[in-house]
Amino acid sequence: MSIGRFLTAIVAVASLSFLAGCSEETPTAGTTAKKIVVGTEPTFPPFESKDEAGNFVGFDIDMVKAIAAKQGLEVEFKDLPFDSLIPALQSGQIDMIASGLSITDERKKAVDYSDPYIDAGLSIAVKKSDSVIKTSADLKGKSAAVQQGSTGAKKAEELQKAGTLKEVRQFPTVPLAMMELAKGSVDVVINDRPVSEAFVAAQPGEIKLLDEVIDADSYGLAVRKGNTELLTKINAGLSTIKADGSLKGIKDKYFKPAITQPTK
Amino acid sequence: MPQEYLHHLGAVLPALLRGAWIAVYVVVAAELIGVSFGLIIALLRLSKSRWMNIPALIYVDLIRGTPMLVQILFLYFGLPSLISAISGRPWSIDPILAGILALGFNSAAYVSEVFRTAIGSLDKGQTEAARALGLNRLQTFRFVVLPQAFRWAIPPLGNEFITLLKDTSLLSVIGVAEILKEGQLYAARTYAIFPTYIGIAIVYIVLTLTIANVLRYVERKLKVPT
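If you read the protein sequences in the order shown, they are chains E and P.
So in our numbering, spot 88 of the first sequence is number 88, and the numbers just go up one at a time.
So in our numbering, spot 160 of the second sequence is number 160, and the numbers just go up one at a time.
Calculated from the structure, these hints are not laboratory results.
Treat the hints loosely; a few may be bogus.
[Claimed, not checked] Partial list, computed: chain P residues near chain E (C-beta under 8 Å):
no., residue
1, Pro80
2, Tyr110
3, Ala188
For each residue, glycine too, the CB sits at the ideal point set by N, CA and C.
Work the whole structure out from these sequences, hints included.
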């Protein structure tokens, strides 16, 4: 009997508690077989959110499920911060991103995109009482709130660098950025139009959107660079649901008719 | 307005309680690691051999010298991409498991200091008397030192447990559906931000007050010296 034996016992207890932690988990995001792990940031309705029961819901979720059904894939969604999605894809923790991801040349260097599936673009949200800011030309000296890692954040940073915006505050989710605007701490929120529209529709009276759409773009699904096998399947599934009208059905489910139209 | 707040407070509660269950599960599992590994570290620190006490000191310094949020992000995002890069195969870790490990090994550093000071504060006469009575070193530790040290350690350990419970909120950044994350998800689908954060605060208060009272009861029962 020695201290060593006592330590061994403690290590055994520690390893047991470790294993207890393991047993309930699914340890790997396997790329084998037909199951794909899809990363998303679910505070972005109507594209992705979680319902009361904790299920992923939204336009992107339904669309990915529809594509997967056509292609015989099994899908598991994973909740990740928006600015961690691309790193998680690159390191293999997820196989695909479906998270209202705008197609940009810069991101194309890091991921491979599917065909575009919806038109988006940025719009500027201001307080309802604001009578000064009418277009993006009125942003001189103003402050903006944005979601970290979004195209809106990139736009805001560019405007700040160019000396237009005075300050840019970055938040992990869109609702927090909107809150910053609603309580008057910033002058504008620059964010994807469909999501801002959903926010304004649900929370009338505090915030309004400017008519102007800046930097019109499209959303795409993203896979790891060089994963052509998955990309081919996704694109094939996407064109099938475009052709048979089920994509249109999903759009009508989540958007008012006005937003179903391209916002360009 | 107040009715609407009350409505949201009621509506967000089921989600927050689901998150509370996850938080408690994580913190209990993490504290099991924290106490067992923390005790090992404390014994290594108290060892006279440099080969034992220097690595333990480095561990404590590294953990205490870096923010827990950074450790969580390192374990969940940094380590898998490092392993993937080295092995060439995608590797990932479950967020709840990553959370338990990050919180557990973080807590171990603080717990080791609690045990080290508790063991160190015991009168030398206790050990000497036990040895004089014919107990060997392990028996002395097991039957004389550890029970007394553990009693001394209970109040700071309880403190650590409450701190760790609140620290589970940091796991929202890696997508663990604990209390804060469930609240954020609710706020995202209902746009009701203020009542949600009030609800979150209430759930934490209820949990920490419950634990504090359980601890007070345990302290009374064990007649913890004050």
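Q: Would you settle whether the hint for Pro80/P is holds or violated, based on the nearest Cβ-Cβ distance to chain E being less than 8 Å?
A: With Cβ-Cβ at 5 Å, under 8 Å, it holds.
Q: Identify whether the interface hint at Ala188/P stands, where standing means a beta carbon of chain E within less than 8 Å of its own.
A: This hint holds: Ala188/P lies near chain E, its Cβ roughly 3 Å from the closest one there, short of 8 Å.
Q: Under 8 Å, Cβ to Cβ, is where Tyr110/P needs to be relative to chain E, so tell me if that hint holds or is violated.
A: It is violated, given that the least Cβ distance between Tyr110/P and chain E is near 16 Å, above 8 Å.
Going through the hint list in order, the structure does not satisfy hint 2, though it satisfies all others.
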